[in-house]
Structure formats: C-alpha cells, structure tokens
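K.L.:
If you want the building blocks of each chain, they are given just below.
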Amino acid sequence: MKPPPFEYHAPVSVSEALEALAATGPHGKVLAGGQSLIPLLNMRLVAPSHLVDINRIGELDTLTAGADGVRVGALARHATVERSTEAAAVQPLLRQALRLVAHPVIRNRGTVVGSLVHADPSAEMPAVLALLGGSVRLACLGGEREVAAADFFTGPMESAVEPGELAVSAFFPAPPPRSGTAFREVSRRHGDYAVAGMAALVTLDEDLRIASARVACVSVGPGPVVVDVSDACARRPAASVPWDAVAAAVRDRIDPEGDIHATAGYRRHLTGVLAERALKDAARNAGTEAAHE
Amino acid sequence: MSDGTTRYAITLVVNGVVREAAVPARRLLSDCLRHDLGLTGTHVGCEHGVCGACTVLLDGEPVRSCLTFAVTVDGHEITTVEGLAKDGELSPVQRAFTECHGLQCGFCTPGFLCTATAFLRDNPVPTDEEVLVAVSGNLCRCTGYQNIVKAVHRAAEIQAEIQPGLTAETGPGESGRTA
Ligand SMILES: Cc1cc2nc3c(=O)[nH]c(=O)nc-3n(C[C@H](O)[C@H](O)[C@H](O)COP(=O)(O)OP(=O)(O)OC[C@H]3O[C@@H](n4cnc5c(N)ncnc54)[C@H](O)[C@@H]3O)c2cc1C
Ligand code: FES
Ligand code: FES
Numbered sequence: 001m002k003p004p005p006f007e008y009h010a011p012v013s014v015s016e017a018l019e020a021l022a023a024t025g026p027h028g029k030v031l032a033g034g035q036s037l038i039p040l041l042n043m044r045l046v047a048p049s050h051l052v053d054i055n056r057i058g059e060l061d062t063l064t065a066g067a068d069g070v071r072v073g074a075l076a077r078h079a080t081v082e083r084s085t086e087a088a089a090v091q092p093l094l095r096q097a098l099r100l101v102a103h104p105v106i107r108n109r110g111t112v113v114g115s116l117v118h119a120d121p122s123a124e125m126p127a128v129l130a131l132l133g134g135s136v137r138l139a140c141l142g143g144e145r146e147v148a149a150a151d152f153f154t155g156p157m158e159s160a161v162e163p164g165e166l167a168v169s170a171f172f173p174a175p176p177p178r179s180g181t182a183f184r185e186v187s188r189r190h191g192d193y194a195v196a197g198m199a200a201l202v203t204l205d206e207d208l209r210i211a212s213a214r215v216a217c218v219s220v221g222p223g224p225v226v227v228d229v230s231d232a233c234a235r236r237p238a239a240s241v242p243w244d245a246v247a248a249a250v251r252d253r254i255d256p257e258g259d260i261h262a263t264a265g266y267r268r269h270l271t272g273v274l275a276e277r278a279l280k281d282a283a284r285n286a287g288t289e290a291a292h293e
Numbered sequence: 001m002s003d004g005t006t007r008y009a010i011t012l013v014v015n016g017v018v019r020e021a022a023v024p025a026r027r028l029l030s031d032c033l034r035h036d037l038g039l040t041g042t043h044v045g046c047e048h049g050v051c052g053a054c055t056v057l058l059d060g061e062p063v064r065s066c067l068t069f070a071v072t073v074d075g076h077e078i079t080t081v082e083g084l085a086k087d088g089e090l091s092p093v094q095r096a097f098t099e100c101h102g103l104q105c106g107f108c109t110p111g112f113l114c115t116a117t118a119f120l121r122d123n124p125v126p127t128d129e130e131v132l133v134a135v136s137g138n139l140c141r142c143t144g145y146q147n148i149v150k151a152v153h154r155a156a157e158i159q160a161e162i163q164p165g166l167t168a169e170t171g172p173g174e175s176g177r178t179a
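The listed protein sequences derive, respectively, from chains A and B. Each residue of the first sequence is one higher than the last, beginning at 1 in this note's numbering. Each residue of the second sequence is one higher than the last, beginning at 1 in this note's numbering.
In short, the hints are calculated from the structure, not lab data. Be aware that a few hints might be false.
[What the hints assert, rightly or not] Simulated coverage check for chain B against chain A, where a stretch passes if three residues somewhere in it have a Cβ under 8 Å from a Cβ of chain A:
id: 1; stretch: 22 to 28
id: 2; stretch: 130 to 143
id: 3; stretch: 154 to 164
[Said to hold, decoys possible] Computed beta-carbon distance windows for the label pairs:
id: 4; chain 1: B; residue 1: 13; chain 2: A; residue 2: 46; range: 28 to 34 Å
id: 5; chain 1: A; residue 1: 177; chain 2: B; residue 2: 16; range: 34 to 40 Å
id: 6; chain 1: B; residue 1: 164; chain 2: A; residue 2: 83; range: 23 to 29 Å
id: 7; chain 1: A; residue 1: 83; chain 2: B; residue 2: 2; range: 32 to 38 Å
Backbone N, C-alpha and C define an ideal beta-carbon position, used for all residues, glycine too.
Using the sequences plus the hints, can you model the full thing?
P.N.:
Following this line, the structure appears as structure tokens:
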C-alpha cells in the first residue's frame, strides 16, 4: 500500500505548471488535494510517471462570488467553499452538496475542481455543475478554453481534460430569481459515496407555480444525469404537483447498474424517492426566496 | 534533473520543533512521521483515507497523513498526538478520553484525539449531532463509539472549565483560535 515512484514537479505558478504538463504530456498527472489520486496510487491502480503538484500555486487558491455566480479556483478546498457565506448566498446548492462530500477531514484537503476532473459518477459536485449548467476553465501552454458541463463529463471517471491541460477554475452560475435548490442522497454510512443522490433546482413563476424544475441524478449513470421535469410538474404550485408522475419521469430516464452496494432496481427506486424529496425541498426554498423579493 | 529515486530535503515544524528529513517524493506524510522522524504515535490503518487513524493537524486543520505527501507540506506545521499534551499534562481531549473510557486497544485513538482537538477549538459548545458528524470519519473496532462521543462532550466541558466564558454565542471567533 505505498505509491509507486514518480518524478515530482513542484511549480509555483500556473505558467510553470503548464510547462511541466506540456513536457510530460500523457505521462503527467496533476496532484491537487490528493484525496482521490493518492488512494489510487497507494492501491497501485494508477502509476503516472510524473506528478505535477499544484499545491504551491497561490494564484489558484481563489473563490469569487459575484451576482452571476461563483468561480472556484483549482486550489479552493471543499471545506473553504462549504464555509463561505458569500458563495452560499449566491449559490446555496454548493454548501448543500458539499456537506455530503466525504468527511470533514477529507474536505479539508480535497478540492472542488479536483472532484470535477475526477468525474466519479457517485460524486456530488459533478451533479451540481451539470444541474446548474456551469463550466470548467482549462488552460494549456499558449491557450485556454471554457468547457460547458454538458461536454465536460465524458464517461465514468473521464472528463474533457486533455493531456497537457490544467483545470484552473470552475464556474457555478447563480440561480434565476424565485429559485430554490436542494441535495438529497442515501449512503450506507454518513460520508460514504451515495448509493443514489439527487440535486434539484426549481424556479417559480410570479403566481408561485413551478415554472421550471430540473434534477441531476448521482450514481445511476456514467456521469451526472440531468432530467428536466418542468412538463411533469404541469405548472402547478408544489402542493398540487402530481409527484408520482414526476418521480416516474426521472426513473424512466436513468439506466442504473447493480453492484455490491445496491441492485439496479433498488437504485432506480431510490432515485424516484429522492427526486420527489429533493424537488419538494427545492420548491419550498424557492417559495422562501420568492417571499423575500 | 530528478527521477523517482530523488530525495527531497524537507523541513517540517512538528509539534513546535523544527525537523528535517530527506524523503523521496512518494513518501507519505504518515510514513515520514513514523519512519523518518520516529514519531510512531500516528497510526496507519487503511492507507486509503477511510479509517482516520492517521489523522494529524496540518497548520491546525485535521488531514489524513496517509493521503498527503510529505514533500507537498514542506515548510508547514504538523501537530501529531505526541504534541497534544503540554508540559506532561494531558490535554482536555486526552483527559476526557481517559475519564470516559473512550478507548480500548488505542489503535484508533490518535486519529480521534487530533480530530476532536481541532473540532472543539472551532466549535467549543457542540450539539450531539455536530459531535457525531465530527467523528464520523474515524473508525473504531473496539469501543462501539458511545464512550468516544461521551468523551468529546466531556472534553468540551473540561475546556470550558479551563477557559470559562466559552459559550455557543461567543463561538470560534472569540475563543482564542489562533491558527
Ligand atoms: C474516504 C473518502 C471518502 C470520499 N467520499 C466522497 C464522497 O462521498 N463524494 C465525493 O464527491 N468525493 C468523495 N471523496 C473524494 C474527494 O471528494 C476528493 O477530494 C475529490 O474527488 C478529488 O479532489 P482532490 O483535490 O483530492 O483531487 P486529486 O485526488 O488530487 O486528483 C483527482 C484527479 O483529478 C485530477 N486533477 C485534480 N485537479 C486537477 C486540475 N486542477 N487540473 C487537472 N487535473 C486535475 C488528478 O490528476 C486526478 O486524476 C472521498 C475521498 C475519500 C478518501
Ligand atoms: S490510515 Fe489514513 S485514513 Fe486509514
Ligand atoms: S480502541 Fe481499538 S480501534 Fe478504537
């Protein structure tokens, strides 16, 4: 249970990191919080010949909350983003989801951007980015591109990051007015990866009827599965939405797999239940937002 | 030019003492503390972040030393279980674990002590729920957890006796947190 040997790079600026990544190409890997990569190294499931440690790059340790959304730099730890009242005021789903990511001690080291790049289908933050329609900014030597969430998660543990690229930040847009969010999940023990999980975003119209409703499902596909259930909500107030039909609409869109933690059928069942709960929570939060207008 | 066998000269401030070591990049902080620095109080259970036995404080914040490379934290401050007692006196958390029988074999204890120490510094008057969440990332095969949870509450009491005036209202901001 020890990591294999690798060549170590310790850049202190983004440009140094990009040079190291360009020079090592497909043999280089970025080390951020290490909370996913080091277990894989310890178990010898991966053996990159070069590691580019970004922990000394102060310019990546950023978190900015503006009216349009929250931009999270590559060195912002889960715990920092979770604790930020500014970030929570602009996009409450960040804190709602981060509380469910691993244990507090893991969150002290793990980074939000690292979690996105790692793209675990059971992870919370990819679902949050996908639900909100956020994006990830990737830099390489001599260039930069902003990749939309819909194009970023390309498969289980696979993201759009190419060899030589560094994810420098992620952007989580603010919700429209009269909106509410929620995150619900079921896991075997507190802090474990979710057996099934659900992020929800509900926006009300001026008469407090559900104008739009979306969920992103966790642990039931190759990546986060976003489902728009606005039609199923039938533009009614939350109290008279046909929730059975909404849950069924979400269940119909997923194709979960069974494993030692849960059968495919149980995951499908949980997904329906969690969709209803998360959407009701989100609708309630949207109502509170609307009341403050 | 470096390769996989290159040794890096690192300096860590461990329990207030400046310590130097020459380590390969792949040396885990847990192994650096135990093997290079001879501080075997930090225990190693799973080496993939699940059991919490290896938890130490990095610049005051609890982290898994088995999921941290020593070379990454060059120049930083580390507190291990050996650094919790001051002048031969057990810390409030250590006293509470003794009083409440919060340990049996003791394998998990260093991780619980470090985790609880940072937790009570930030949250000196925790609720039951907050204590459960705080220790949820640490596994214990012996105690059944009840006495560990009691010990964390007792530690909060002892801390309040030593530093009267700590209340839920004053919170971490005014509780003398320095890190
Ligand atoms: C016990 C335990 C429980 C956990 N439970 C959960 C959970 O319930 N939910 C959850 O979501 N996560 C969980 N995690 C994982 C944790 O959230 C990680 O922090 C996160 O997945 C990865 O972030 P990191 O910064 O640690 O990345 P690292 O481990 O450093 O890197 C992960 C991968 O991303 C790449 N990478 C990282 N940053 C960048 C970047 N800026 N640019 C390009 N590539 C990059 C790395 O090369 C590597 O391939 C758990 C971890 C542990 C140890
Ligand atoms: S040894 Fe580090 S968490 Fe188990
Ligand atoms: S006291 Fe034995 S593992 Fe906790």
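K.L.:
Any hints this thing doesn't respect? Which numbers, in order?
P.N.:
Hints 3, 5 are the ones this structure does not satisfy, whereas the remaining hints hold.
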